[in-house]
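From first to last, the protein sequence lines are chains A and B. In this text, residue positions in the first sequence follow the UniProt record's numbering: the first is 1, and each later residue adds one. In this text, residue positions in the second sequence follow the UniProt record's numbering: the first is 1, and each later residue adds one.
It is possible that part of the hints are untrue.
To be verified - In silico DSSO-like cross-links for lysine-lysine, where the CA-CA straight-line distance does not exceed 30 Å:
1. A:184 <-> B:328
2. B:420 <-> B:105
3. A:231 <-> A:184
4. A:231 <-> B:328
5. B:328 <-> A:328
6. A:184 <-> B:231
7. B:133 <-> B:184
8. B:231 <-> A:231
9. A:318 <-> B:184
10. A:328 <-> B:184
11. A:184 <-> B:318
12. B:231 <-> A:318
13. A:328 <-> A:105
14. B:184 <-> A:231
15. B:318 <-> B:231
Stated by the list, open to error - Far from chain B, by Cβ distances over 12 Å, these chain A residues were calculated:
16. 31
17. 113
18. 146
19. 206
20. 234
21. 376
22. 386
23. 403
Bear in mind the hints are in silico, worked out from the structure with no lab data behind them. Fair warning: this is a prediction, and the values are worked out from it, not measured in the lab. Even glycine gets a Cβ: it sits at the ideal position worked out from N, Cα and C.
Protein chains: 2
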Amino acid sequence: MNLQAQPGSGQSQYRILREADLRDYLAGLPAIVAHLGGAPADWSISEVGDGNLNLVFIVKGTSGGIAVKQALPYVRLVGESWPLPLSRAHYEHLALVHQARLAPKLVPAVLHHDGPLALTAMELLEPHIIMRKGLIGATRYPRFVEDISTFLARTLFFSSDLSLTAAEKKEGIADFAGNHALCKITEDLIFTDPYRVAEQNRWTAPHLDATAAAFRDDLDLHVAISRLKLKFMGSPEALIHGDLHTGSIMVAASETMVIDPEFAFYGPMGFDIGAVIGNLIMAYLASAGHERSPGERASFEAWLLETVEGVWTEFARKFVALWRSEAKGDGYPVSLFAGEAGATRLEAERQAYMARLFQDTVGFAAAKTIRRILGLAHNIDFEWIADEKQRAICEARALKLARSMMLETPSFTTIGAVTKAAREVRNWQPEFAN
Amino acid sequence: MNLQAQPGSGQSQYRILREADLRDYLAGLPAIVAHLGGAPADWSISEVGDGNLNLVFIVKGTSGGIAVKQALPYVRLVGESWPLPLSRAHYEHLALVHQARLAPKLVPAVLHHDGPLALTAMELLEPHIIMRKGLIGATRYPRFVEDISTFLARTLFFSSDLSLTAAEKKEGIADFAGNHALCKITEDLIFTDPYRVAEQNRWTAPHLDATAAAFRDDLDLHVAISRLKLKFMGSPEALIHGDLHTGSIMVAASETMVIDPEFAFYGPMGFDIGAVIGNLIMAYLASAGHERSPGERASFEAWLLETVEGVWTEFARKFVALWRSEAKGDGYPVSLFAGEAGATRLEAERQAYMARLFQDTVGFAAAKTIRRILGLAHNIDFEWIADEKQRAICEARALKLARSMMLETPSFTTIGAVTKAAREVRNWQPEFAN
Numbered sequence: 001m002n003l004q005a006q007p008g009s010g011q012s013q014y015r016i017l018r019e020a021d022l023r024d025y026l027a028g029l030p031a032i033v034a035h036l037g038g039a040p041a042d043w044s045i046s047e048v049g050d051g052n053l054n055l056v057f058i059v060k061g062t063s064g065g066i067a068v069k070q071a072l073p074y075v076r077l078v079g080e081s082w083p084l085p086l087s088r089a090h091y092e093h094l095a096l097v098h099q100a101r102l103a104p105k106l107v108p109a110v111l112h113h114d115g116p117l118a119l120t121a122m123e124l125l126e127p128h129i130i131m132r133k134g135l136i137g138a139t140r141y142p143r144f145v146e147d148i149s150t151f152l153a154r155t156l157f158f159s160s161d162l163s164l165t166a167a168e169k170k171e172g173i174a175d176f177a178g179n180h181a182l183c184k185i186t187e188d189l190i191f192t193d194p195y196r197v198a199e200q201n202r203w204t205a206p207h208l209d210a211t212a213a214a215f216r217d218d219l220d221l222h223v224a225i226s227r228l229k230l231k232f233m234g235s236p237e238a239l240i241h242g243d244l245h246t247g248s249i250m251v252a253a254s255e256t257m258v259i260d261p262e263f264a265f266y267g268p269m270g271f272d273i274g275a276v277i278g279n280l281i282m283a284y285l286a287s288a289g290h291e292r293s294p295g296e297r298a299s300f301e302a303w304l305l306e307t308v309e310g311v312w313t314e315f316a317r318k319f320v321a322l323w324r325s326e327a328k329g330d331g332y333p334v335s336l337f338a339g340e341a342g343a344t345r346l347e348a349e350r351q352a353y354m355a356r357l358f359q360d361t362v363g364f365a366a367a368k369t370i371r372r373i374l375g376l377a378h379n380i381d382f383e384w385i386a387d388e389k390q391r392a393i394c395e396a397r398a399l400k401l402a403r404s405m406m407l408e409t410p411s412f413t414t415i416g417a418v419t420k421a422a423r424e425v426r427n428w429q430p431e432f433a434n
Numbered sequence: 001m002n003l004q005a006q007p008g009s010g011q012s013q014y015r016i017l018r019e020a021d022l023r024d025y026l027a028g029l030p031a032i033v034a035h036l037g038g039a040p041a042d043w044s045i046s047e048v049g050d051g052n053l054n055l056v057f058i059v060k061g062t063s064g065g066i067a068v069k070q071a072l073p074y075v076r077l078v079g080e081s082w083p084l085p086l087s088r089a090h091y092e093h094l095a096l097v098h099q100a101r102l103a104p105k106l107v108p109a110v111l112h113h114d115g116p117l118a119l120t121a122m123e124l125l126e127p128h129i130i131m132r133k134g135l136i137g138a139t140r141y142p143r144f145v146e147d148i149s150t151f152l153a154r155t156l157f158f159s160s161d162l163s164l165t166a167a168e169k170k171e172g173i174a175d176f177a178g179n180h181a182l183c184k185i186t187e188d189l190i191f192t193d194p195y196r197v198a199e200q201n202r203w204t205a206p207h208l209d210a211t212a213a214a215f216r217d218d219l220d221l222h223v224a225i226s227r228l229k230l231k232f233m234g235s236p237e238a239l240i241h242g243d244l245h246t247g248s249i250m251v252a253a254s255e256t257m258v259i260d261p262e263f264a265f266y267g268p269m270g271f272d273i274g275a276v277i278g279n280l281i282m283a284y285l286a287s288a289g290h291e292r293s294p295g296e297r298a299s300f301e302a303w304l305l306e307t308v309e310g311v312w313t314e315f316a317r318k319f320v321a322l323w324r325s326e327a328k329g330d331g332y333p334v335s336l337f338a339g340e341a342g343a344t345r346l347e348a349e350r351q352a353y354m355a356r357l358f359q360d361t362v363g364f365a366a367a368k369t370i371r372r373i374l375g376l377a378h379n380i381d382f383e384w385i386a387d388e389k390q391r392a393i394c395e396a397r398a399l400k401l402a403r404s405m406m407l408e409t410p411s412f413t414t415i416g417a418v419t420k421a422a423r424e425v426r427n428w429q430p431e432f433a434n
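The task is simple: from the sequences and hints, build the whole structure.
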C-alpha cells in the first residue's frame, strides 16, 4: 500500500484551502496556470460543493476552467463530529486513473493531484449538469446507455479475474484495502440502518411511518439485506466505483461523465450496475410527482424504462464480448475449453455467469432504493416533490418494488421483468393515498 | 504490508544454511540455547525435509529439541528451475501466530523467526508422526475429530466477517495479499492442470489412461472446476490454512498438531474443510490396497467414515456455537435480529449459511481428490499400494466419487450422503479390474 494513503501520514502538510490559499497554490503550478490562462489575480474562484463530503472549487481563467476537489477530514454534511480520513482523496485519484485508462472520455481528465493536501484538480465539465437534475427536468440523454454501459463493462471486466492474473488482482485488492472508512459508510447507511431504529434515519412522515416500521420488523428482509451486505464486504470481483448513482454522473447532450469515485474498492460488480438501475427506477417512480398535468411525462417515463433495459442489455453484451476477445485472466482458463465443443460450453457458462450477476444487480438496486427513502441520505428525485403526500405515494411505490426485488430476486430473471414490475407499481395506490 | 514480506527485500542477508551454519546461528540465540541444553558442539542436527518445498532440520540438545524450517528460493521437489519467493516463510509465520492465538496447543509453538533468512524454529513434535502415514498403518486417532474441528471452527470463525469488523478484515486480506505465488501453485495444480494436457500430470498408467482422458474431455467438469477456481481466487471469507491435507497434520495418541501453513491467505472456508474431508476419504478408498487379507481393515475403515462425519458435524456445531456467542463482526448485525422472533430467524439463517458452506466443502473435497490422482502431486495413501492394478482400482473409485461430488454437489445435502456414496463406491469395480 502507498503509505501516503494512510490516514495520519502527511497530515502535517494538510490545511483546508480558502479561496486566497487556493489561488496562491494554483499559481505555483505551471501546467494549471497554462490551462487557465490570464493572471492568477484575475481568475474567478467559487466554492460550489453541494455534495456530502468535500470542498469543490470552480476556477476559471481567460482560456479555460478547472474543478478542484479537496477532501475535508470530516463529513461535510454532518461536521467535525463525524471524522473521515483524507486518504479517500488518494483512493479517488487511483480509481480515476484506472477509469481514465479503461474508459477514456467518460471520466474527467486529472490535471493535478496533491496527496498531502488531499486535493485533485480536474478539467471543468461544462455545460454538463448532474444527471439527477436533468432527469427531474424530464431531459433525455440519448448517449447515456451507450456511454454508461461502456464505462461499466470496461472498468469492471478489466479489473476482474477474467482479465487479471490472480496475483495482479490480489495487488489491486490490497491497494484499495485502506479505503475501509468509505466502505463502512455504505455498510451502515445502505445495508444496516434503514432496517433498524437509527437516529439518522428519516422518511416522509407520517405517510410512511407504517411502512418504515414494517421494514424494521420484516425479518425476511433483514436476512436478504444481510446476505447482500456480506456480498458487499466479501466479494472483491472488480474495482467498483462504489457510489454510481445519478448524482455521480454529469451529462451534456453529447457527453456522459462519471465523477466522484472516492468509494472505490474491490467489491461486487452488481453493486455498480444496481446503483445505476436503482437510481433510474427511482427517477421513473418519482416522475409522477413532477407532473404538472396527468400524462405530461409519459413518453419521458417510457424512455426511462427503455434506458433501464438498455443499461443492462448493453452492459451484458459488451462485457461478454470483452470476455470472448480479451480474456487474459486466471478465471475460466481457455485451455479448459478448447475446440468447438469447448467454445460452445464456455459460451453457455458466460450466460450463466451473467445470470448470476443479474441477480446481484437486482438485489443491490433494491438496497440502493430503500436507503434513499428510509435512511439518512435522500435524493432530490423524491425530495423536490413539494406535495408531501404525493412524494410519499411515489416513495411507497419504490419501496414496494424494491421489497419485491429483494425478497423475490430469483423471479426477476430478465431486465424486462424488472421494468414490467416498475410499470405495474407506477399505477399502484398505497392505502394512505385514499 | 510488512516490507520484509516482499520478495527481494532482505535477500542480501539470505543464505541457505548447511548443518554447520545452522549450529553457529542457533548458538547465537540464548532462548534456543537454553531450550536445547548442552554445548552447541554436542547438538545433533539432521536435515529431514521430505516435503516439496523447504529444508527442515531436527536439532536436539541434552534437554530438548527443535524443528527448524528454512524456505528455499525454489521448489525443492523440482529444483532451481521453479523459483518460489522466500516471503512464504513470512506468511507462514503470520499464520502460525494467528492459529496459535486461536487454537493454542493445536499448532507447534514458534520459538524463533528470522525474516531475512526465511527461517522459523519451532518446538519439536515427538513422538508425533504425519497423520497420513498413521492412516496407512490403520491407526485410529481418537482425539482427531475433537481437535481438528476446534482448529477449523476457531481459526475460520475468528477471521471471518462474523467476528471481525470489515476494516479489520480488509487489513487482514491486505496482509496476506503478497502470498500470491503460493496461491498460484494451488490455482494451477488443483484447479487447472488435472483437467488438461500438462507436462507435469501423471497417473497410474495404463489403467487410468481412459479415465484421465475422459476428465480432460469432460466439459461439465471443466465448468465445475472453473467455478471452484473462481471461488478460491475471489472469496476471502477467512484466513485459511490453504494446504490442510493429512500430510500437514502430525498426530500422537493424545495430540493433534497442524503444521505448514505457508499457503495461508484469505480464501473460502470450504477449501480447508474440504481438504480434511477429501483426504480422509482418500485414506478410506486407499485402505483396500493396504489389506493383507480381505476385511482385515474393515473396522478401521468404518472408523474413517465416522471420522469424516464427525469432522463436519463437530465443525459445524462449534462454528455455529461461536456465531451465537461471539458474533462481534459486521456480518449479520445482531441489531437486525432483535427479540425472540429475530433470534429464531437468525438461527435458521445460520443453518442456511452452513448448508452453503457444506456445498463448498463437497466441491473442494472433490477437487483435492482429483488432483492427487491425475495431477503432479500424489499422496502415499495410493502411492504405497505396490500392486499397480490394485492401486488403480482404488484411485478409480476415488475419481468416480469425486466426479459425482463435483458435478452433483447439490445432491449431497448432508455429510451422511457423502459417506454413503463413499461406502457404495468402495465396492465398485472399474472395467479394467476384470
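Verification of the supplied hints:
no. : hint            : verdict
1   : A:184 <-> B:328 : holds, 15 Å
2   : B:420 <-> B:105 : violated, 33 Å
3   : A:231 <-> A:184 : holds, 14 Å
4   : A:231 <-> B:328 : holds, 18 Å
5   : B:328 <-> A:328 : violated, 39 Å
6   : A:184 <-> B:231 : holds, 24 Å
7   : B:133 <-> B:184 : holds, 27 Å
8   : B:231 <-> A:231 : holds, 13 Å
9   : A:318 <-> B:184 : holds, 29 Å
10  : A:328 <-> B:184 : holds, 15 Å
11  : A:184 <-> B:318 : holds, 29 Å
12  : B:231 <-> A:318 : holds, 24 Å
13  : A:328 <-> A:105 : holds, 25 Å
14  : B:184 <-> A:231 : holds, 24 Å
15  : B:318 <-> B:231 : holds, 24 Å
16  : 31              : holds, 33 Å
17  : 113             : holds, 22 Å
18  : 146             : holds, 29 Å
19  : 206             : holds, 24 Å
20  : 234             : violated, 6 Å
21  : 376             : holds, 16 Å
22  : 386             : holds, 34 Å
23  : 403             : holds, 15 Å
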